[in-house]
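Peer 1: One-letter residues, chain by chain:
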Amino acid sequence: AQSVTQLGSHVSVSEGALVLLRCNYSSSVPPYLFWYVQYPNQGLQLLLKYTSAATLVKGINGFEAEFKKSETSFHLTKPSAHMSDAAEYFCAVILAGKSTFGDGTTLTVKP
Amino acid sequence: DTGVSQNPRHKITKRGQNVTFRCDPISEHNRLYWYRQTLGQGPEFLTYFQNEAQLEKSRLLSDRFSAERPKGSFSTLEIQRTEQGDSAMYLCASSSPRLAGAIETFTDTQYFGPGTRLTVL
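Heads up: the protein sequence lines correspond to chains A and G, in order.
So for the first sequence, my numbering puts the first residue at 287; every next one is plus one.
So for the second sequence, my numbering puts the first residue at 95; every next one is plus one.
Please note that the accuracy of each hint is not assured.
Derived pair list, reagent style DSBU-like, types lysine-lysine, alpha-carbon separation capped at 35 Å [to be verified]: (1) G/K108 to A/K344; (2) A/K355 to A/K384; (3) G/K165 to G/K108; (4) A/K344 to A/K396; (5) A/K355 to A/K396; (6) G/K151 to A/K354; (7) A/K384 to G/K151; (8) G/K165 to G/K151; (9) G/K165 to A/K354; (10) G/K151 to G/K105; (11) G/K165 to G/K105; (12) A/K344 to A/K355; (13) G/K108 to G/K151; (14) G/K151 to A/K355; (15) A/K384 to A/K344; (16) A/K354 to A/K384; (17) A/K396 to A/K354; (18) A/K344 to G/K151; (19) A/K344 to A/K354; (20) G/K105 to A/K384.
Keep in mind that the hints were calculated from the coordinates and are not lab data.
So here's chain A without its partners, still in its complex pose:
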């Protein structure tokens, strides 16, 4: 069985500040890990994915995530937040074609 825990349902940062969204996973075998972003009333858009290649994964819009097996983590970061980054972010693990999503973290960016 697999599961995903996103620590912090709401994160608020100032524009230009570091963004850190936390994701921990549980999986019986090495997982494939994804981060998605969802804007209001829209579907999910892929930010980045880890598929057992490089542990530091770069995605769109300046986001990146690092896979740490010892910590079972896949935290999402961005050095400098922009107002347009305000959205809901979901971490997901995929195993044998079945996706399990975390409950999401809402990112608020203050001017």
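Add chain G to chain A, keeping to what the hints say.
Peer 2: Same frame as chain A, but now just chain G:
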């Protein structure tokens, strides 16, 4: 290609009525997924198809729910005798898994549609 499309975008119905949603995947994608998302939660897997075959169904998919993909292209999700607890966003996604040698990988990226928001009164 215009991506994954879903219709309708919004549906309001009365308890006990039947509803049907449609999903049109990206044309070359052979996998199609249905998810349900309630407020404050992440998407929950319901079922997925590879071509026209329904390969897995979640236990969340009660006998009031049925999904089809008759020709391996678009898919429909029907909910019979709707209940207020069925109110949610229903998301569709499609993907095209790649072959790594003789082994199909499961790293396929799922592309999501905009969803259908169902409100059951």
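Peer 1: Hint by hint, note whether the structure agrees.
Peer 2: Outcome of the hint check:
Restraint check for G/K108 and A/K344: the C-alpha separation of about 46 Å exceeds 35 Å, so the hint is violated. Restraint check for A/K355 and A/K384: satisfied, since their Cα atoms lie roughly 20 Å apart, inside the 35 Å limit. With a C-alpha separation of about 31 Å, the suggested pair G/K165 and G/K108 falls inside the 35 Å cut-off, and the hint holds. Taking the CA atoms of A/K344 and A/K396, the gap is near 24 Å; set against the 35 Å cutoff, the hint holds.
A distance of roughly 33 Å separates the Cα atoms of A/K355 and A/K396; the hinted pair therefore holds under the 35 Å criterion. Proposed proximity of G/K151 and A/K354 is supported: the alpha carbons are some 31 Å apart, at most 35 Å. The straight-line distance between the Cα atoms of A/K384 and G/K151 is roughly 10 Å, inside the 35 Å bound, and the hint therefore holds. Restraint check for G/K165 and G/K151: the C-alpha separation of about 19 Å stays at or below 35 Å, so the hint holds.
For a cut-off of 35 Å, the pair hint linking G/K165 to A/K354 is broken: about 42 Å separates their Cα positions. Between G/K151 and G/K105, the direct Cα distance comes to roughly 24 Å. Compliance with the 35 Å bound is thereby established for this hinted pair. A distance of roughly 25 Å separates the Cα atoms of G/K165 and G/K105; the hinted pair therefore holds under the 35 Å criterion. Of the pairs offered as hints, the one joining A/K344 and A/K355 holds, with about 17 Å between alpha carbons and a cut-off of 35 Å not exceeded.
In summary, the hint linking G/K108 to G/K151 is supported, as the alpha carbons are separated by about 26 Å, within the 35 Å threshold. Distance hint between G/K151 and A/K355 is fulfilled; the C-alpha atoms sit about 30 Å from each other, no more than 35 Å. The suggested pairing of A/K384 with A/K344 holds, with an alpha-carbon distance near 23 Å, which does not exceed 35 Å. About 22 Å separates the Cα atoms of A/K354 and A/K384, which keeps this hinted pair within 35 Å; it holds.
Taking the CA atoms of A/K396 and A/K354, the gap is about 30 Å. The hint holds against a cut of 35 Å. Simply put, A/K344 and G/K151 have alpha-carbon atoms about 33 Å apart, close enough for the 35 Å limit, and the pair holds. Only pairs whose Cα atoms come within 35 Å are accepted, and A/K344 paired with A/K354 is accepted, the gap being roughly 15 Å. Restraint check for G/K105 and A/K384: the C-alpha separation of about 27 Å stays at or below 35 Å, so the hint holds.
The structure shown violates the earlier hints numbered 1 and 9.
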